[in-house]
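Build the full structure now, drawing on both the sequences and the hints.
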Amino acid sequence: MSNVKSILLVGVGGQGTILVSKLLTSGLIKAGYDVKMSEVHGMAQRGGSVSTQVRYGDKVYSPIIGRGQADVLVAFEKMEAVRYAEFLKPDAIAVINDHEIVPLPVAAGLTEYPQGTVEAMSSAFKTLVLPAAEIADSLGNSRCMNIVLFGALVKAFGMTDIDWKEVMREQLKPSILEINLKAFDAGMAL
Amino acid sequence: MKKFMSGNEAAARGVYESGAKVGSAYPGTPSTEIFEDLPQYAPELYCEWAPNEKVAAEVAYGASVAGVRSVCAMKHVGVNVAADPIFTAAYNGVGGGYVIISADDPSMHSSQNEQDNRYYARAAKIAMVEPSDSQECKDFMKAAYEISERFDIPVLYRVTTRVCHSKGIVELGERENVAAKPYVKNIAKNVSAPANAKANHPKLEANLRELEKYACTSPLNRMELAGSKIGVVTASIAYQYAKEAFPADASFLKLGITNPMPMELVREFAAKVDKLYVVEELEPYMEEQIRAAGIECVGKELIPNMYELNPEIVAESVFGTKAETRDPGCAIVARPPALCPGCPHRGFFYTMSKHKDYVVCGDIGCYTLGSADPLRAIDTVVCMGGGFSVAMGMAKAFEMAGQTDKKVFGVVGDSTFFHSGMTGAAEIIYNKGKVIPVVLDNSITGMTGHQENPGSGLTLMGEPAKNILIEDVLKAYGYENIIIVDPQDLNAMQRAVDDAVASTAPAAIITRRPCLLIKKIKHDIGLCRVDAEKCRGCKACLKVGCPAIFMKDGKASIDATLCVGCTVCAQVCPFKAIERMGE
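Respectively, the protein sequence lines represent chains A and B.
Going by our numbering, the first sequence opens with residue 241, and the numbers climb by one from there.
Going by our numbering, the second sequence opens with residue -5, and the numbers climb by one from there.
Don't read these hints as lab results, they were simulated from the structure.
Quick caveat: nothing in here was measured; it's all calculated off a predicted structure.
All the pointers check out, no bait thrown in.
List time: in silico EDC-like cross-link candidates among lysine to aspartate or glutamate, alpha-carbon distance up to 20 Å:
1. A:Lys245 - A:Asp274
2. B:Lys549 - B:Glu573
3. B:Lys316 - A:Asp311
4. B:Lys390 - B:Asp373
5. B:Lys546 - A:Asp338
6. B:Lys(-4) - A:Asp274
7. B:Lys175 - B:Glu11
8. B:Lys546 - A:Glu340
9. B:Lys(-4) - A:Glu410
10. A:Lys262 - B:Asp31
11. B:Lys537 - A:Glu352
12. A:Lys329 - B:Asp321
13. A:Lys245 - B:Glu238
14. B:Lys350 - B:Glu393
15. A:Lys245 - B:Glu318
16. A:Lys270 - B:Glu165
17. B:Lys528 - B:Asp547
18. B:Lys(-4) - A:Asp298
19. B:Lys316 - A:Asp331
20. B:Lys119 - B:Glu140
21. A:Lys366 - B:Asp321
22. B:Lys533 - A:Glu352
23. B:Lys294 - B:Glu238
24. B:Lys390 - B:Asp351
25. A:Lys299 - B:Glu165
26. B:Lys(-3) - A:Glu406
Here are the computed distance ranges between Cβ atoms for each label pair:
27. A:Ile416 - B:Ile519: 19 to 25 Å
28. B:Pro37 - A:Pro414: 29 to 35 Å
29. A:Gly398 - B:Val292: 38 to 44 Å
30. A:Gly254 - B:Asn107: 24 to 30 Å
31. A:Lys245 - B:Ala554: 34 to 40 Å
32. B:Thr211 - A:Gly254: 46 to 52 Å
33. A:Gly349 - B:Asp399: 27 to 33 Å
Rough simulated footprint, nothing fancy, chain B against chain A, three-plus residues with beta-carbon under 8 Å:
34. 264 to 276
35. 328 to 334
Here a beta-carbon is modelled for each residue, glycine too, at the ideal position from N, C-alpha and C.
Okay, structure coming up:
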């Protein structure tokens, strides 16, 4: 079990965490790992906080992790990074999208969006903070933000021995492939 | 061939490989994808969405009586609805193998409770099979059908959220061609009249005794022997957690058949170890039976009986291992789920929220979110179909207590109406309830991810179907004043409510607008924006609870990536500061 790695992807329903987990699991399976993936469906998808867990190694039993067990976090929204921080190992890497999605209690004027989330994460963990939304916009399609983050994860977590572009060619529709390959490169370049 | 599959996909594959021919289900998280995955196996297999779980269990049971392998599937609370036929099917026994899939939801990710349905297997006296990962979801299905036919008994196939929605690598097999057994009329077996039931009960008891003996030798119940200090009895997803939480020299008794409990096998295993642990999610279902058999064990005094477990919780509760974590020390805000921007339910609940004298009994579905801040427009939610009948009880109580200032509304969705709202609608007419039934018709079963229903005009297998009109049903029941309204038009919505409240004839409201997420409909998508000159920062627009509106520098602002231009916010703005662009 000691060689099992755990990746935690968190964000807000609709941000594209599922596609990233699909690419991750496809590549890891091709590379010969035992892989398990867990996600939650249903009510949480309606603008709520979502998380997907990907675990791989020689033999994986549990599809989910508990506190202090993730090797790497990818937060598609910065406050969500803090929400799931307790699931990280003390030496984990946190890849954080410097992007804010206002939750309903804030939108409704009941409370304020917290300040200093990125700084707090950086003081506790090794972090890679990137403006994935802006990068995706500059590439011409805000929807490929998730793939920018995917590239950043691959770089930050040292998963470069897998040919991820090959995986993307197999998994993505031709119409969106080019922009996503660019997004992946942009994430990797950070 | 190997495939990366969720437990639900693998269970569907297992149904197919087992040669089953008929399936019926009602959608419910976390079970839904099992049946969404079945139509690909047509025409060898027929599958359908039933109006509710009881119907699904009965349809599948009928197919079993007729001689084919059959399946029904539902979420854990669905088994409450389906319990009636299941309990008697146990006495009558089966023809072709009969499998009832119960998908439990520990931690209530998308449910109103976390009941432990393993107790149903004991109470109904039926067999229970529990897979612990995707491969087992497929493989154990075949074993479940063999058990059902060999021991003449229905099988409860019990899975949980993390078994259903986790993916793992699955080695696929081929479909076994199981011929239908010739149907032979057998009144003593299949007609549950008292005299027959009296004769069938001892047969059932004998079958259970034989099944328990079989369970002690079945490969589904296996020992993984390592050291002799620690032994762990476990099943389902808890096995996966325990394998990571216990040391490598712990021995395991991993159970796949958990009713009847293979007690002689447990006794044999217990004798091999110094200390026996029982690791199970939710209630002490196995532990209680093991203790009652006089076998000493440790279980729920250490391991929580609430919420789902994980490897860390098991390790901490059993061994006191504290997880090493770091706290970034930054307070955060909750991110509760909300009605989507453009959700047709918003207009109705906003209208309800404006009146303190309205009592609204809600129901299960997306529209349960009408109870959330800032709308807070629902008083009760209990169960599927409960919206109408709970409202009836409240109205009668107000009447008896002489409380005349309340106006009571019972609210169900379109799929829920066909599920079990119809009986409540009949109740209100029959017993003269001072209740206004409201059907929120968004043309789909929304929360579970858009399944067809008797009002949507299509079947699970994609064939056109008679779409039953809700207004026709209500009319047939005797509702004389049926008001159909677009809930997105707030003035019309309020008029509809006023009309229904003032009506001397029995009145009902149908709010009709399709869910914006239905892909096959062309929706009128637009964009609203705030004129900052006109906005006075009164925050009236925030009261509609739309995720697309927020305050920025004292003025309302609309997130253009979320807004769909439904104009509900524009209609409530007292300064006409919000307008739909291009109009």
